[in-house]
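The residues making up each chain are set out below.
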Amino acid sequence: DQQVKQNSPSLSVQEGRISILNCDYTNSMFDYFLWYKKYPAEGPTFLISISSIKDKNEDGRFTVFLNKSAKHLSLHIVPSQPGDSAVYFCAASRTGGTSYGKLTFGQGTILTVHP
Amino acid sequence: DVKVTQSSRYLVKRTGEKVFLECVQDMDHENMFWYRQDPGLGLRLIYFSYDVKMKEKGDIPEGYSVSREKKERFSLILESASTNQTSMYLCASSLQYKQPQHFGDGTRLSIL
Chain A
1 DQQVKQNSPS
11 LSVQEGRISI
21 LNCDYTNSMF
31 DYFLWYKKYP
41 AEGPTFLISI
51 SSIKDKNEDG
61 RFTVFLNKSA
71 KHLSLHIVPS
81 QPGDSAVYFC
91 AASRTGGTSY
101 GKLTFGQGTI
111 LTVHP
Chain B
1 DVKVTQSSRY
11 LVKRTGEKVF
21 LECVQDMDHE
31 NMFWYRQDPG
41 LGLRLIYFSY
51 DVKMKEKGDI
61 PEGYSVSREK
71 KERFSLILES
81 ASTNQTSMYL
91 CASSLQYKQP
101 QHFGDGTRLS
111 IL
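Chains as they are written, first to last, in the working numbering: chain A, 1 to 115; chain B, 1 to 112.
No wet-lab data here; the hints were simulated from the structure.
Even glycine gets a Cβ: it sits at the ideal position worked out from N, Cα and C.
It is possible that part of the hints are untrue.
[As the list claims (entries may be wrong)] Taking lysine-lysine and the DSS-like style, the derived pairs with C-alpha atoms no more than 27 Å apart in a straight line are:
| hint | chain 1 | residue 1 | chain 2 | residue 2 |
| --- | --- | --- | --- | --- |
| 1 | B | K55 | B | K18 |
| 2 | A | K71 | A | K38 |
| 3 | A | K71 | B | K18 |
| 4 | A | K5 | B | K98 |
[As the list claims (entries may be wrong)] Footprint (simulated), chain A over chain B, 3 or more residues, beta carbon under 8 Å:
| hint | stretch |
| --- | --- |
| 5 | 12-18 |
| 6 | 31-41 |
With the sequences and hints as input, model every part of the structure.
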């Protein structure tokens, strides 16, 4: 039962254009969402997060959008750079009760940005 | 700066061996987590700990156990290693439940 899904295994984009990575979730109890970036042979690094009380959060070139009614979030990278080439994971959490911040991850999307 | 250190980057063990993976964080974080990453499956939670000597099962705990005797150290134990436990193992820590988790660089474990 995959509660967080990234349906695109890979995405290829030209340098300078926009990259849009998508993520869907099924558990309506999730209220905190994160994006991580992972290079080969390194651990995932935190990129950006959003709480369910918001529908948008920006940090420099990265913007995350949340559509609660559709249970969908997306990460926009503008402009894309070759150094952005990595695997991107979305993750979701239920922050109340005894969740202790457990994260449920999607399968990941490999982003390749061509010069 | 945040630092999560996993004791080995690469490890090769034989089936039936007892395997220990060690993780240390230097940020005084309450919560620590063990995941495994497999192609097409993303990261899956094995076990986590929210305090010293406290632990809870994640989504795939079978064949694993954990130990947290000190706040900064969280160990993953493969009781009797099997080939289907060949994977990338990632340790993470976080301060509070609404704070992002910080990851180590992972241990690539091969069971022969």
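Against the structure, the hints come out as follows:
no. : hint          : verdict
1   : B/K55 x B/K18 : holds (20 Å)
2   : A/K71 x A/K38 : holds (24 Å)
3   : A/K71 x B/K18 : violated (42 Å)
4   : A/K5 x B/K98  : holds (21 Å)
5   : 12-18         : violated (count 0)
6   : 31-41         : holds (count 5)
This entry does not satisfy hints 3 and 5, going by the numbered hints stated previously.
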